[in-house]
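Visitor: What follows is the residue order along each chain.
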Amino acid sequence: AQSVSQHNHHVILSEAASLELGCNYSYGGTVNLFWYVQYPGQHLQLLLKYFSGDPLVKGIKGFEAEFIKSKFSFNLRKPSVQWSDTAEYFCAVNAPESGAGSYQLTFGKGTKLSVIP
Amino acid sequence: GAVVSQHPSWVICKSGTSVKIECRSLDFQATTMFWYRQFPKQSLMLMATSNEGSKATYEQGVEKDKFLINHASLTLSTLTVTSAHPEDSSFYICSARAGGRNNEQFFGPGTRLTVL
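Here the protein sequences come in this chain order: A and B.
Be aware that the first sequence starts at 68, since it is given in my numbering, and climbs by one per residue.
Be aware that the second sequence starts at 9, since it is given in my numbering, and climbs by one per residue.
One chain only, chain B, in its complex shape:
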């Protein structure tokens, strides 16, 4: 089956620093990648949708200058949390869609971000 990886799996950083999270589709080309945020005991909230080679589309309320998304290739998307603050601490999950009429998304294992 399709595999999506994320790196790192967890990260702890100081307030004010920037953190980059990578999302890779390992055995397929992902035309679209999605970034979600999950708070404890909450559902996954879509942050943004990115298509390879174009700018990401952000959901309402998500600051595009704070959460920078780059989808440079068909197998890699990155999310950079700039000037992170404690309220940015969360579980960030990416998913990837292979394209065509199949709407199935394959999810990465998530990245736990803790901002001190």
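This is chain A alone, in the form it adopts within the complex:
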């Protein structure tokens, strides 16, 4: 079974600082990778996803993530954060060739981002 680890529990940044949130997964086969964001009091929303092709994926609101297969990583980045980026960020993985339940998502524990104005 696959697992996902997010290295940082809570990240605090000032506005305009650059962001990188780590995500590593453990699964030897083909994976689909996702980053979700949960703003305070709101439901999970998809930021970006990787299925295949260019390993550098661009998402909404200026976020991007890079899939590095050799490192089993899918780190989320943003060059300049804003106060409105304050939220919790979840990395998730899906293993489409794993047979039964191949559409299931396995989530990391999440990283809370606090941006100070």
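It is worth saying that the hints were derived from the structure and are not from the lab.
Mixed in with the good hints, there may be bad ones.
On the chain A side, residues computed to face chain B include the following (Cβ under 10 Å) [what the hints assert, rightly or not]:
1. Val71
2. Asn75
3. His110
4. Leu111
5. Gln112
6. Lys138
7. Phe139
8. Tyr170
9. Thr173
10. Lys176
11. Ser181
12. Ile183
We treat Cβ as the ideally placed atom computed from N, Cα and C, and that holds for glycine.
Take the given structure of chain A and dock chain B to it, following the hints.
Guide: Relative to the frame of chain A, chain B by itself:
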């Protein structure tokens, strides 16, 4: 975009009672729906996967007789917590998948269950 709703958004009940939570896909047909549970400061833990018209598949450690899932139509799935106890208090989130090769899941806003 695809919208998933949950009802109720929060519920408080007495120990021993049953609570039903609804999950609806509002603008698409969901071939598969998922139910998650989220504890404070924890990740989403998948409880079960349900396909319309068939029995739900439960994850290891999830009691199927306690967490009854019904996926009666392509737009509605229900989770019933039977004989709820305080340890069942949690945040329950559903998601829905439209089908095809798109593996994207769309999430509901969650239901906060508090069992007294």
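Visitor: State for each hint whether it applies.
Guide: Evaluated hints:
1. Val71: holds (8 Å)
2. Asn75: Status violated, d = 13 Å.
3. His110: holds (4 Å)
4. Leu111: holds (4 Å)
5. Gln112: Cβ of A/Gln112 sits 8 Å from chain B, so the hint holds.
6. Lys138: Violated. Min distance 21 Å.
7. Phe139: Interface hint status for A/Phe139: violated (18 Å vs cutoff 10 Å).
8. Tyr170: holds (6 Å)
9. Thr173: holds (7 Å)
10. Lys176: With a closest approach of 4 Å, the A/Lys176 hint holds.
11. Ser181: Violated. Min distance 14 Å.
12. Ile183: violated (21 Å)
The structure does not agree with the numbered hints 2, 6, 7, 11, 12 stated previously, though it agrees with the rest.
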